[in-house]
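> Build the full structure now, drawing on both the sequences and the hints.
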Amino acid sequence: MSNDDFRRELGHTFDDVAGSPSSNLRDRVRSAVTQAPEARGPYWIAGVAACVIAVLIVGVLYVANRPNPPSLVAGGHETPSASPSPEATASPSAQPTAVPTQSALPPFVCGSTTWAPSQPASTPYTEHISDLRTGVHSGYDRLTITFDRVPGQVEFHPQSGTAFTLSPSGMRATLKGKNGILIVMQGTDMHTSYSGPTDIVTGYSGLAEVRRVEDFEGVVQLGLGVNGAACYRAFYLGSPARLVIDVQTAS
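Plus 303 on top of the position in the sequence shown (first one is 1) and you've got this note's numbering.
Worth double-checking, as some hints may not be accurate.
Beta-carbon label-pair distances, calculated as ranges [to be verified]:
#	residue 1	residue 2	range
1	441	472	36 to 42 Å
2	468	532	20 to 26 Å
3	543	489	15 to 21 Å
4	504	532	19 to 25 Å
The hints are simulated quantities; they were obtained by calculation from the structure and are not laboratory data. All C-beta atoms in this analysis are idealised placements derived from N, C-alpha and C, irrespective of residue type, glycine included.
Structure follows, in structure tokens:
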């Protein structure tokens, strides 16, 4: 069988299976082609609606999860967040009382006399010495004794020579200098709060040495070795409580 015969036979067979063509097939095809855009209209509208719904959902989620904005005060400035309150700190201690001017200081006293500086009345108790300091000034050398509060009775005994009796041992000690001043403080101790030296050699022109000669049963005695005459003045300062002894020197 030739190729042309085979094609004709195949065409007849296809026509037998498919049947004769419909008389309105052409009209149906034309109608489908012209109405196709109109059929796509509803699908386009549905797509737009889906996009709008998606945008609305995203907007709702954003609003629901948006962080709260900081509150504003008048003027449009942010209100700062509250910060932890700082721990309470202790107030500074009172500043030391200023040293009186030279014109307000008591006069120097010389010679073998006993002198007790005036001080506020108080109930008997034991004062604790906490510090001894020395210094050089024009016309005098200074010894400052610091207490926990103003001491009670204080006696000053100028003397010739620098030999002192140590108590309670009874031994003798000779300090540097030519003359001395014995300071006796009642109701006082120098071992509870004081940890500094008990024998201070200064090398000053007036106050040569300071030595503890007694600290026993509430009595403290300090011996001062002085170059030259044993002339001194004494006064109190507060905040903290201090007893100041100035030993006169040549101007």
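> Hint by hint, note whether the structure agrees.
Here is how each hint holds up against the structure:
1. 441 x 472: 36 to 42 Å: holds (39 Å)
2. 468 x 532: 20 to 26 Å: Once the Cβ atoms are compared, 22 Å apart, the range 20 to 26 Å for residue 532 and residue 468 holds.
3. 543 x 489: 15 to 21 Å: Between residue 543 and residue 489, where Cβ atoms are some 20 Å apart, the hint holds.
4. 504 x 532: 19 to 25 Å: holds (20 Å)
Hint compliance for this structure: no hint is broken.
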